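Engineer: Spelled out from the first residue to the last, the chains are:
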Amino acid sequence: MLDQLLLILPMAITVIGAFFLMLLSWNKRFTLKDYNLVAVFFLSLSFILELPQLWNTEVIYIFPEVFGKMYVIDNFSTLFDLMFTAGAILTLLINTDYFKSRNYFNGEYFALILFSVFGMMTLAHSNELVTAFIALEIASLSVYALAGYHKSNRLSSEAMLKYMILGSMTGAFFILGTALIYGAVGSTTLGDIAAFIKGSGDSETLLVITGGTFIMVTILFKIGAVPFHSWVVDVYHGAPFPVTMFMASTFKIALFAIALRLYLVDFAPINAIWSELLQVITVLTLIGGSWLAITQDNLKRMLAGSSIVHSGYMLIAISSIGLGSQEAAPAIMFYLMSYFLSSVGAFGILSFIASRSQKSLTFEDFKGFAQRRPYLAAMMAIFMLSLSGFPSTIGFLGKFYIFTSAIESGQILLAGLGILTAFISVYYYFKLIAMMYFYPTNESQKRFPMDLSGVLIGLMAVLVIWGGIGTGLIPFIPGVDGFIDIAKQAVLSLQ
Amino acid sequence: MTPEPFFALATLLFSMGIIGIISRRNLFVVYMSIELMLSSVNLILALFSRLHGDMHGSVIALLMIAVIAAEAALFLAIIVLLYRQRRTLDSDVFSKLSQRDTL
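Chains as they are written, first to last, in the working numbering: chain L, 1 to 495; chain S, 496 to 598.
Please keep in mind that the hints were generated in silico from the structure rather than gathered at the bench.
Just so you know, these numbers come straight off a predicted model, no measurement behind them.
The beta carbon of each residue, even a glycine, is placed where N, CA and C say it ideally should be.
Every clue listed holds true.
Footprint (simulated), chain L over chain S, 3 or more residues, beta carbon under 8 Å:
1. 507-519
2. 525-537
3. 549-556
4. 561-568
5. 572-580
Take the sequences, apply the hints, and build the full model.
Structural biologist: Structure below.
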């Protein structure tokens, strides 16, 4: 009993922290800094309590006599939890200046962040479709509200409207899929669904396949795959910078938690049915995302377009899973880690710079940036190199494993297209690096104080490089192989 | 009880919801179309619950009503906010983020 409580403590602390912040925000005496500290305190506590569970290799169902098999704790969900809490902590700490420079943030903002982290954690732990849906809604509803947080800004409200209408519509597809699967199986627990699929013929699983396809629509929408991508660029543009950072780096990863659990384990015997569908969507996502990223002048929109391309790379690996590749699932986990590190850093620098100006950032604003802020420019260059998959960064290894898994499963054309889009992505990432280094600046050099945001962004840059070339020789610090082992171990706990 | 008419009704309601979202321009009607889709799924859940002879589906439908209510709260809030900003609920007005001028 007590040990089970200890296991769910990280999630409990997040939601307690959210309610605590809501109560605090009622009091007008506290400043934004206090709220930020309280939120970071709760999230860090949750992160620290979660860490020892990374070495816990068994699969535990929480309170089985009450919840059945709804709620599972395994290595896979623990790794995702760590990424969610780390993402939220970094979002809050890096954006301290941004919160100070805008007057529309208040205590509820931090409560909403904690609620959405709680939703994502529940999503990673859920072993049942209705739990997953409710967790997804908790996370999405908080993110909708966050996207429209700049109440007096028309762009922000419009972004929230677009996101909400499309998000709720696709949410209806998730629950429709759940209803159909319930109709066929008589239960919504993932293990029961897997047992049903194994034990019945083609005609009986038809309803499960239809339901699974509907659920896939929701997942593809939320990660921004191309036929469902229309919201991504607009919402990323309209939302405040810290929210864009949170959505791009943390919320996107959360969807892969449920997608992997569903399609890796429970729909495994019928996975091959979807692989053609997924291949078409992957091709569209890679090409469409590249097109969107190339045509943008605004940096936020460019990164939004490029995040669609990154979803495309991960979709390559998901369709490889369906075709029986063993390397694909760890490849996705590793790619998620690499994408998380690089995008947190890139968006972090953008919002760090945006906190000092009121206009939106375009490529032009970065002309001569290397002269003005040499260290920040170097870090930005590292993140851009990692996002484009340049060797010696973690992004290169992520792409390497994805393409290896695609070739292993015989999708050579898809791997070729992926490499081609990686070449194309060099254009829009290196455009920024060229802007920073090859143009003279027309502003005078100012001295900026070194603060926590800068240190954290620097730490992310070091991690990005370490993930590309780090060795396992130093004790207690995992090198590249260590990262891959963590990814493999997490995926193993699913089966 | 024959379930077919109920399935037909649920399908009809769901399709009406999708068509409403695509074709209507007033944000309130769009919002109601989404509610219609979610409610039609509730009908399917209740129906399957009856066919299976257990209560799982009905319980899920009850949980769904709570989720729909939470969504409604947020939707009404954004609709009020948008009406205050622009004095209209025509969805064509909200196109500041669209790329029509850049492409």
